[in-house]
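Participant: In the order they appear, the protein sequences are chains W and V.
Throughout the first sequence, residue numbering follows full-length UniProt numbering, covering 1 to 330 in sequence.
Throughout the second sequence, residue numbering follows full-length UniProt numbering, covering 1 to 296 in sequence.
Worth flagging that the hints you see were computed from the coordinates, not collected in a lab.
Some hints could be false.
[Unchecked claim] A few chain W residues that face chain V, going by a derived Cβ cut-off under 10 Å, partial list only:
{"hint": "1", "residue": "I154"}
{"hint": "2", "residue": "A157"}
{"hint": "3", "residue": "G303"}
[To be verified] The following label-pair restraints were derived from C-beta to C-beta distances:
{"hint": "4", "chain 1": "V", "residue 1": "R197", "chain 2": "W", "residue 2": "Y224", "range": "39 to 49 Å"}
{"hint": "5", "chain 1": "W", "residue 1": "V190", "chain 2": "V", "residue 2": "G120", "range": "50 to 60 Å"}
{"hint": "6", "chain 1": "V", "residue 1": "L188", "chain 2": "W", "residue 2": "K130", "range": "41 to 51 Å"}
{"hint": "7", "chain 1": "V", "residue 1": "M214", "chain 2": "W", "residue 2": "Y224", "range": "23 to 33 Å"}
{"hint": "8", "chain 1": "W", "residue 1": "S176", "chain 2": "V", "residue 2": "G79", "range": "29 to 39 Å"}
{"hint": "9", "chain 1": "W", "residue 1": "S174", "chain 2": "V", "residue 2": "T98", "range": "23 to 33 Å"}
{"hint": "10", "chain 1": "V", "residue 1": "R190", "chain 2": "W", "residue 2": "R7", "range": "28 to 38 Å"}
{"hint": "11", "chain 1": "W", "residue 1": "K130", "chain 2": "V", "residue 2": "P195", "range": "49 to 59 Å"}
[Said to hold, decoys possible] Capping the alpha-carbon separation at 20 Å, the derived lysine to aspartate or glutamate pairs in EDC-like fashion look like this:
{"hint": "12", "chain 1": "W", "residue 1": "K8", "chain 2": "V", "residue 2": "D123"}
{"hint": "13", "chain 1": "W", "residue 1": "K286", "chain 2": "V", "residue 2": "E150"}
{"hint": "14", "chain 1": "W", "residue 1": "K162", "chain 2": "W", "residue 2": "D188"}
{"hint": "15", "chain 1": "W", "residue 1": "K286", "chain 2": "W", "residue 2": "D273"}
{"hint": "16", "chain 1": "W", "residue 1": "K131", "chain 2": "V", "residue 2": "E287"}
Please read these numbers as outputs of a predicted model, since none were measured by experiment.
We treat Cβ as the ideally placed atom computed from N, Cα and C, and that holds for glycine.
Letter by letter, the chains look like this.
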Amino acid sequence: MGRYFGRKLAIYALTFFVAVTINWLIPRFMPGDPVSRMVARAGMQTPEGVAAMREYYSSLFGFDVPVWQQYLNFWGGLLTGDLGVSLWAFPQPVSSIIVAAVPYTLGLLIPAILLSWWAGNKFGAYAARKKVLDNTVLPIWYVLTATPYMWLAILLAWALGKVAGLFPVGRTFSASLRPEWSWVFVTDLVSHWFLPFLSLFLVAFGGWAIGMRNMVIYELESDYAHYLGALGAPGKLVRRYAFRNAMLPQITGLALQLGVIVGGAVVTEIVFDYRGLGYLVLEAIKSSDFFLLQGIFLFIVIGVLVANFIIDVVYVLVDPRTRAGMGGGA
Amino acid sequence: MSDDPSATKDAFTASGTGREALFFARRNRKLVGGGVVVLVFLLVALTGPWFTTDDPLAYVGPPGAGPSGEFWFGTTTFGQDVLAQFVHGLRATFFVGTVAALIAGVLGMVVGFTAGYRGGLVDEVLTMITNVVLVLPVLAVLMIIAAYLEVRNIEVQALIIGLFSWPWVARAVRAQTLSLRAREFVDLARLSGAPVRRIVFREIAPNMASYLFMVFILLFGGSVLFAATLDFIGLGPTDGVSLGLMLNHAKQWSAMDLGMWWWFVPPGLGITSVVGALYIMNVGLDEVFNPKLRET
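Chain W with its partners taken away, still in its complex shape:
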């Protein structure tokens, strides 16, 4: 078991290292001079302003020292939590902007991921043994998984928000309110939260349900299920065993899907102007704020790695075979 976690942690550490290196490399290896590009995009008119910006960026990128030292400095800054200064919300540091936005994104992502996974698995397993249900809803699930996150979000925002007027569309909470623990604020927050949550939930739900359905059918065809049936075990018991076995690939699937779901959250937030990381991504791209964009990138990578590790721990808890030391491989 120690070896299992050791291997996993080594991979995550390496991934983090690669991600940081990508983050450092890309601005330097892109065609053209990043400093002049930034200055050009800032649209400064006066020569003094251009000179000042030039100096500012050069020192920020650290171009005046050798390459290896630039790289080490980058890591040094990173480890002390210094991700640079945002241009979009000058002069706020990137890290504080991101930290302020993260709770909203997590509040959207965590319920959407967990609930869609739970409900999708339950429903998929249920549909697997109901032929009628299987034939009618399966195509819907396939269409749902094929739906781009932002399109479903746009449709929901338009149909339920604009046309039906059931939910407010735009922002995380009404502009007139301030975050506080009051009934008015919380209900307002929830009503703004519901549609983004629903659209994330629906797309992810279809994928889990399909996966679970296929796995349960596969498990019910396996030898142990037939053997149990032959012994006269009630169908309910056999299905419960099948369900528990089918869960394992779904847990691994959750780890694999995380990146996609996070991407989905980014575009969903953009559709609803929900002020989380996705909103920051859009603003960073619009104002060419590369420091902010890089900060968000690192934050997403760290988040996905942490979530992966949590899933690994859960997997060990759920599957006794890994604890017995059989599943040493990654």
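Got chain W sorted already, so can you dock chain V onto it with the hints?
Facilitator: For chain V alone, coordinates are given in the frame of chain W:
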């Protein structure tokens, strides 16, 4: 049967199983239905641009008009023809999906075959690389790369999507290669002195052909969705038009608030139909190739 029996025969090395697959393929409702939808969209993408304006971004009609006889899908706030954008965007979608899927498929197969067949240290290193790229959130990486590219076109977009979507293919191909490598017919080929390349492509790959075909479909669907997402957050092609970019424009110019549903419904519907039809085709293919899953 087919018009040219010899062509069908050439297409499948083992004509018996090939004909059997074809027999079931033509009777599989999911496969045929999904295939028809994909073909229709492909035809629209290929021929559509001939019947619409050359420049889908040109201002040709009245601003913000709903669907009419002249403009079937209506016009944007600026009077651009939504139908023209749609058919051009569909073309970009098929292009990105195909190229990205080819790149990712080939990369994944090369890594998977090499890791699975060579084993040992090569396997360790390749598996490590695969696992690292697998945990990296692809979209975030694509975002950061695309943001720094000053000029973006769909070719570059397809390339970077392909370069980061291969890990799961490599993993699956490696696992299959590992199990196939231990079979007798592979041993026989090795004993008879066949070179590695020949063993991999003649003995191992054909046994996974059906699987690889389905992998390609999944990669295509995934790449299309990735491209649409990138386009939507404003990192799409800087020249030209795509379905994701249409959604981006629709959002940017608040088509939702103005109730201009004809602007944002077609692009999303196009992506969903193509990708959804492909997924359903995939299920059909699974049933064709895997006798256990056949309904009849």
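Participant: Now tell me, hint by hint, if it's right for this structure.
Facilitator: Hints versus structure:
A least Cβ separation of about 5 Å between I154(W) and chain V falls short of the 10 Å threshold, and the interface hint therefore holds. Annotation: A157(W) was flagged as interfacial toward chain V, and the flag holds, the nearest CB pair being 6 Å apart, inside 10 Å. The beta carbon of G303(W) comes within 8 Å of a beta carbon in chain V, closer than 10 Å, and the hint placing it at the interface holds. Checked against the hint of 39 to 49 Å, the C-beta distance between R197(V) and Y224(W) comes to roughly 41 Å, which is consistent with it.
Look at V190(W) against G120(V): about 56 Å separates their beta carbons, and that is inside 50 to 60 Å. The supplied range of 41 to 51 Å is met by L188(V) and K130(W), whose beta-carbon atoms lie about 47 Å from each other. The hinted range of 23 to 33 Å is satisfied by M214(V) and Y224(W), whose Cβ atoms lie roughly 27 Å apart. Our hint of 29 to 39 Å for S176(W) and G79(V) holds, since their Cβ atoms are close to 36 Å apart.
Range check, S174(W) to T98(V): about 46 Å between beta-carbon atoms, so the 23 to 33 Å window is missed. Taking the beta carbon of each, R190(V) and R7(W) are about 31 Å apart, inside 28 to 38 Å as hinted. The hint said 49 to 59 Å for the Cβ distance between K130(W) and P195(V), and at roughly 52 Å that hint holds. Simply put, K8(W) and D123(V) have alpha-carbon atoms about 17 Å apart, close enough for the 20 Å limit, and the pair holds.
Restraint check for K286(W) and E150(V): satisfied, since their Cα atoms lie roughly 13 Å apart, inside the 20 Å limit. Using a Cα cut-off of 20 Å, the hinted pair K162(W) and D188(W) holds, with the two alpha carbons roughly 17 Å apart. Only pairs whose Cα atoms come within 20 Å are accepted, and K286(W) paired with D273(W) is accepted, the gap being roughly 14 Å. For a cut-off of 20 Å, the pair hint linking K131(W) to E287(V) stands: about 16 Å separates their Cα positions.
Taken one by one, the earlier hints fail for this structure only at number 9.
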